[in-house]
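Q: Now for the letters of each chain:
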Amino acid sequence: MVTPAEPSDRNLLAAMARGDTGALRSLNARYGGRLAALANRFLGDQADAEEVAADVLWQAWRQAASFDPARGSVASWLVTIARSRSLDRLRARQARRAPVIAEADSEPVADPAAALDEAHRGRMVRRAIDGLEANQRVVLEMAYFSDLSHAEIAEKLSMPLGTVKTRVRSAMLSLRQALGGQRE
Amino acid sequence: MDHQALKDLLPLAAIGKLDPDEERALTEHLRSRCDACEGELRGFRETAAALALAGDDIGRDSEARIWNRLRARLDASTSENESAPIARRDRPAAPRPHSRRWQIATGVSTAAALAAAIYAGVIMRSNALQHDQLASLADRVSASRAELAAARNETAALRQVLVERAHLERTLMAPDLQITRLQPLDLAPSASAMVAVSRSAHSAILQANAMPTTPAGKTYELWWITKETGPVAAGLFEAGAGREVIARAEPPPAGHVILAAVTLEPAGGVSKPTGAMYLKGEPAP
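Protein sequences, first through last, are from chains Z and P. Mapping of the first sequence onto this note's numbering: residues 1 to 184, in sequence order. Mapping of the second sequence onto this note's numbering: residues 185 to 469, in sequence order.
Calculated from the structure, these hints are not laboratory results. Just so you know, these numbers come straight off a predicted model, no measurement behind them. The beta carbon of each residue, even a glycine, is placed where N, CA and C say it ideally should be. Mixed in with the good hints, there may be bad ones.
[Unchecked claim] These stretches of chain Z come out as covered by chain P in the derived footprint (C-beta under 8 Å, 3 or more residues): (1) 44 to 50; (2) 60 to 74; (3) 156 to 169.
Could you build all of it, start to finish, from the sequences and the hints given here?
A: Right, here's the structure in full:
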């Protein structure tokens, strides 16, 4: 989370709405790399992923004044845009490659020093994800980090459609329980 | 659909995975101002955001490149704003039909006044159209500038690839060329790679295909493993999914090389291998 000396995400957005480019730069420092990492999981291409991250932050810059905190946090807003733009780009180029989930999963947790304040939360989220049952984790990641529908996931995993939905739902519930009330 | 069934849809809605029928039903329900479901959906969206952002950061380089793209757009946007008032200044003021001079003119000829009014209307519409066209052109210029900045980055990357390819060709043409083929291991089952070495030119170059994308904070590292010294670092490279990699490497050290290998290591590389092995191969005798 943000230390007291740093402006909150909402304050950054308010400053952006006033035309403060420094606030945009700070928002990029806070989220740019992670949004690109998220887009990279969909696209498997770092340059494309960085373009998506730039698009997301540019949209935030242009729409900062209309951000409605009642609908959710800034992070949630940025992630929603990033995921949507990544999927648009993925569909546009009709990529057929599989998501890079297994590879990312095989890696150890990142060096905590690299992510400063966010590292703690990142570790907690990872622990929460690791705490899911394996079958829940796989289905949730396939559902979230790919363009596959539930029916397509069911086909790939050779399991009934209802089971896929139940596992995604229960994984989200478990995660929410594990992370409850931590975000801004 | 009863309330519990609708509530069950909320986790799936938060990750955008509802069927069209389910989405319609839930949207209708939320429109009826169910605060409980609205709140739960918000909570699940935060959970999804946490899941999305839990991955490793691509790194400071990525942040800098994203900022460069944003700065290019800001610059383009600034020049667009600077040019807009000029366009507006150029727009002629609309005629004032009730001025004294206009009333005198009406005394001379009503028909002429009518013609003038129609002409003025045409001019106004024409100016409005021109203004819209200018705004549209400014948008296109802004988008083109951003594309140009991206294209420049891409050109620089391609130029680097060409330089490396030329180096590869020089190495491949060397009379003492030796090729070591690296075979894929479990972590990169469809990958392939070779290392071309010319000891006389003191050069080596690695070419790899179908390596998994380098994870954030990591790098692939090539090793020569000799009987005498064990593993010796020979170079770092990164891979994007599906892309060919051509990277310069250090030629093998003196001694009997028994193996070449590629491992995944922390960004910046390490002096001795610590990570998982992705490729390995024995040099030709």
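Q: Hint by hint, note whether the structure agrees.
A: Verification of the hints:
Counting residues of the segment 44 to 50 of chain Z whose beta carbon lies closer than 8 Å to any beta carbon of chain P gives 6, which meets the minimum of three for the stated coverage. Proximity of the segment 60 to 74 of chain Z to chain P, defined as three or more residues with a beta carbon under 8 Å from a beta carbon of that chain, is established by the 4 residues found. Residues of the segment 156 to 169 of chain Z with a Cβ under 8 Å from some Cβ of chain P number 3, which satisfies the need for three, so the listed coverage holds.
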